[in-house]
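A.B. asks: Use the sequences and the hints to build the structure in full.
Protein chains: 4
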Amino acid sequence: MMGIMRIGRAQLRVMDLDTAVDYYTNVIGLDVVGKEEGKVYLKAWDEWDHHSLILQQADSPGLDHFAFKVEKEDDLSEFEKKVEQFGCTLKRISKGARLGEGEAIRFELPTGHQVELYSEIEQLGTKVGVLNPHPWPDGLRGIAPHRLDHVLLTGEDVKTVTRFFTEALGLYQSEQVLSVDGEDMVGSFMYAANGKPHDVAFIKGPDKKLHHAAFYVEHWYDVLKAADILSKHDVTVEITPTRHAMTRGQTVYFFDPSGNRNEAFASGYITYPDFPTITWTEDKIMHGIFYHRRMLIEESYMKALT
Amino acid sequence: MMGIMRIGRAQLRVMDLDTAVDYYTNVIGLDVVGKEEGKVYLKAWDEWDHHSLILQQADSPGLDHFAFKVEKEDDLSEFEKKVEQFGCTLKRISKGARLGEGEAIRFELPTGHQVELYSEIEQLGTKVGVLNPHPWPDGLRGIAPHRLDHVLLTGEDVKTVTRFFTEALGLYQSEQVLSVDGEDMVGSFMYAANGKPHDVAFIKGPDKKLHHAAFYVEHWYDVLKAADILSKHDVTVEITPTRHAMTRGQTVYFFDPSGNRNEAFASGYITYPDFPTITWTEDKIMHGIFYHRRMLIEESYMKALT
Amino acid sequence: MMGIMRIGRAQLRVMDLDTAVDYYTNVIGLDVVGKEEGKVYLKAWDEWDHHSLILQQADSPGLDHFAFKVEKEDDLSEFEKKVEQFGCTLKRISKGARLGEGEAIRFELPTGHQVELYSEIEQLGTKVGVLNPHPWPDGLRGIAPHRLDHVLLTGEDVKTVTRFFTEALGLYQSEQVLSVDGEDMVGSFMYAANGKPHDVAFIKGPDKKLHHAAFYVEHWYDVLKAADILSKHDVTVEITPTRHAMTRGQTVYFFDPSGNRNEAFASGYITYPDFPTITWTEDKIMHGIFYHRRMLIEESYMKALT
Amino acid sequence: MMGIMRIGRAQLRVMDLDTAVDYYTNVIGLDVVGKEEGKVYLKAWDEWDHHSLILQQADSPGLDHFAFKVEKEDDLSEFEKKVEQFGCTLKRISKGARLGEGEAIRFELPTGHQVELYSEIEQLGTKVGVLNPHPWPDGLRGIAPHRLDHVLLTGEDVKTVTRFFTEALGLYQSEQVLSVDGEDMVGSFMYAANGKPHDVAFIKGPDKKLHHAAFYVEHWYDVLKAADILSKHDVTVEITPTRHAMTRGQTVYFFDPSGNRNEAFASGYITYPDFPTITWTEDKIMHGIFYHRRMLIEESYMKALT
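Protein chains in written order, with full-length UniProt numbering: chain A, 1 to 306; chain B, 1 to 306; chain C, 1 to 306; chain D, 1 to 306.
Honestly, the hints are just simulated from the structure, not real lab data. Quantities reported herein were computed from a predicted structural model and do not represent experimental measurements. A few of these clues could be false.
A pair counts as met if it fits within one copy or between any two copies, since identical chains are not told apart.
[What the hints assert, rightly or not] Using 27 Å as the maximum straight-line C-alpha spacing, the simulated DSSO-like pairs for lysine-lysine come out as follows:
id	residue 1	residue 2
1	232	127
2	225	127
3	72	82
4	284	208
5	284	225
6	284	209
7	127	284
8	303	81
9	35	127
10	225	39
11	225	35
12	284	232
13	82	284
14	127	72
C.D. replies: Here it is as structure tokens:
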């Protein structure tokens, strides 16, 4: 059992669906692949699966749920047991409940976030195809990220949610932030066995909240171009290009029209299951997050949660 | 069973050990971590394990063997069965046969190359450590790659060796090159479930030969700097910076003092076990290898094997 | 008298005007700004003047002429004297002979190339304008260079043509290539007082010929993208991305549909009139041109002249 | 008369000379070329002249003076007349008053800053030399900029100081910031005829003050590396990497140990004397300075002057 392969989708609540679709297609540069009542499905050009982002009309912004893709259909029942053993309530989502998808299981994290696991999903393919492909397609728009990369969430009990992900879901922890006395875990980065520095991460804060959803771009130069594009579209850029020491990735943070924080994230180290967890002490957390400024750049970064 | 995590090491035959050590430390920028009679062990700054490259004094250049690291000690006996079922002769290497390593199994590929699997190896850690790390260390020398990335080998029967890697070792095939009639496989790229586009690849050619050993650098800009550094050290650069359409990586090829081909390889797409295999038709193979030139740049590229 | 500011335009002979316009607009990414019988005028997005490239329908490819813009109208008569003192035959081109231009003077170089000087030209402005401009415009196509950068020509007597440019036209020599005995000048790079490493350069070869016309892109990353775009359009790339030691610029060479060689050129050092001329000895010329390969990469590079 | 070629040097007041030398050599990466009582002379690796930065022991930080290099010795007397015609008091500095330099003229700007013009200075050469040079030297340290690039100063009367530079010194204005009613000039960027977007710039503020001294790096990637290096040395980074719309350059701002602001500045457009001046309206000034954030990132940016 390989288990979880990657974060496969996020469903974001947005307050005006048309405005959101315009932003996620023209500024971020995703493609619309399907529509339902009150929902629009999108994918990035370099993703194989039918969709990675669902926009959902709602009264308030935030994350409806996010989901991991598991390798095999049979993995679902294995995970069902483990999740229930951990004490989480779980339900089955029927095939066809979402466009292009098969059956899923849905449960609540110790932090109150809704998570799903699924295996079956239609593959639309990347825009360059599988036969003698070019390295990138014509007609890209906006930031044009390769993929949905990760979500960062807040929760009261980071230690327990980390234990849930590593024990019940088989993820690995790349980095942790510990209180200076070493007693409390205030940050946690976790990845499936896919080489990424994180598929999901938590920082201590209110339960059920989204800090940001990140899209992957390849280079530091693409981070510059992303920031330029955001300014050309008059999108609010909260944190201008800088480097994380955590993950080593390069970043720019900004907000979608409903106030959900997005990130264009580039580079970052490779991970393997045998790599030790990197530890940050809380007094150095700002070195970890904003390696260049080494202090909180904007108050909003800690407060604006959806 | 997660199984194979990554290519963990390559042992290269070199004709003058001192010259080779000088090149791999000052031009490539690896660090010497240990010595034995006729052998020098090295690692890259961003690798955790004790070593990833062993240089071995020999009468002719080439690849003595390469090895995969598996996640758990128990995986070795599982793989032992599968390798023997496939019909390969296999032997155990005792703990302590190599510096810093535990037990290993060794066998011959259908292409005649020697491969080992191991799980236990001392971890020296990266040069930035695990506590509040900086993104990169001071005192880097030369090209300073992050890691040994992959080897590309030649063999008569690419189809069978691919079947061996996917069936017996559980690797995945990211790309294949088929003859125009679709009958013959003349190229094959394979990866463990680690997000990389390849850990090992084969192109049709004489058995037992090494085409190149590749080291990972992060950016296209690092490929430029690598090429500059090679020229400053008067190292023969065979293929100047360009892009592969296969893997999408960026590359520069050059030779170590014994004539073993090296590559500085950057970027490349992410892989997952559920991704379809990309297919190249043999008439487009040069588009795949040298995306910009779309023809064989240097005759030596096909002929210089060690 | 400031004198010559820059190379302002090149007029290229092309064998099929429609095909050429398609290439220079969609692959290079210039904009058509005007048409006359048998001629199409184009400019790059970041140029101020009315045009920088004129395509001229002809039976054979090559350079009809190139032209320098001088700062003041009065400079023309000053240069007229100097050019005639040097012994070159000269004529006046009337205002209106070209779209958007005023009067010009035209003369033949010692190498047989036709050159013009002009001062008056309509300014269409860059695509980002002069009021609160964005750093780059929307809607760029193809390679989208900033400007025509330089031309490299061949001629029998490089020393004399260099003397003409420095003495009669007031240009400065940034680099020269001398025969090993120091007697003969076989390469020469010259610039106006504008900070560029070259506006025009010569290498020893047949008179009247064009080696290449170069367009400026900003970064090494843009050179990669340029090479990618060329491959996507199936344009012949002669020399894949590499660095010149001469000028330190980064480069990719390719051909327009008529066989005129183009270059996408990035970076390069800054120059000032008080900088010494850099000297290359002819035995190191390939280090200078192809810093990474340090040998002639393609025979065509020396032979394909138009 | 070509006149002014470039900003040639800045003399900074520092409060502890040893600390300052350590910072400017190991973090910025300049080389010490000479010492006098209370002064240390430095140059960047890619500059030809004897020095471009003089550190002067003082009780308070700030800019003692900065200086332009003019092309010819005779230019000095020409400028002497023009400066005096403009009403500035002027004095001659004798040859030998500074290491490696000839005679200079010194005068006070309408903003109270001290400026010098000089022509004669010993040339030490760049670190790569003038014979078959490599594109960059071995042994670079720290940020390793190519050169001193520009200074940005504050003054009460930006319009008059601009008139002084353009009329008396023959500089060109690349960009201006006007009050919304168009009456007042609150920012001004000026360059010599050298292709740079600025050699000196002013923003409205107290007279005699330095906002920053900038060093040139080539690429956006070098800005990332510069910011990384600053963090590794625990230097205060005030503004993390971003783009200016003014000049289009890429930037990171930080402070030397005495509180003088430094910038690592990359890219930026080319300029020519015939280019129109770009105009910013004061309501868009933050778009111009911090193109991504479009607001004042740090209060200190307007207040910390030396």
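A.B. asks: Each hint: holds or not?
C.D. replies: Verification of the supplied hints:
no., hint, in the structure
1, 232 x 127, "both (25 Å within a copy, 14 Å between copies)"
2, 225 x 127, "both (21 Å within a copy, 18 Å between copies)"
3, 72 x 82, "both (16 Å within a copy, 21 Å between copies)"
4, 284 x 208, "within (26 Å within a copy, 38 Å between copies)"
5, 284 x 225, "between (30 Å within a copy, 21 Å between copies)"
6, 284 x 209, "within (24 Å within a copy, 35 Å between copies)"
7, 127 x 284, "between (42 Å within a copy, 19 Å between copies)"
8, 303 x 81, "neither (36 Å within a copy, 55 Å between copies)"
9, 35 x 127, "within (20 Å within a copy, 37 Å between copies)"
10, 225 x 39, "neither (29 Å within a copy, 36 Å between copies)"
11, 225 x 35, "neither (30 Å within a copy, 34 Å between copies)"
12, 284 x 232, "between (34 Å within a copy, 14 Å between copies)"
13, 82 x 284, "neither (35 Å within a copy, 48 Å between copies)"
14, 127 x 72, "within (25 Å within a copy, 38 Å between copies)"
The structure is inconsistent with the numbered hints 8, 10, 11, 13, although it conforms to all the rest.
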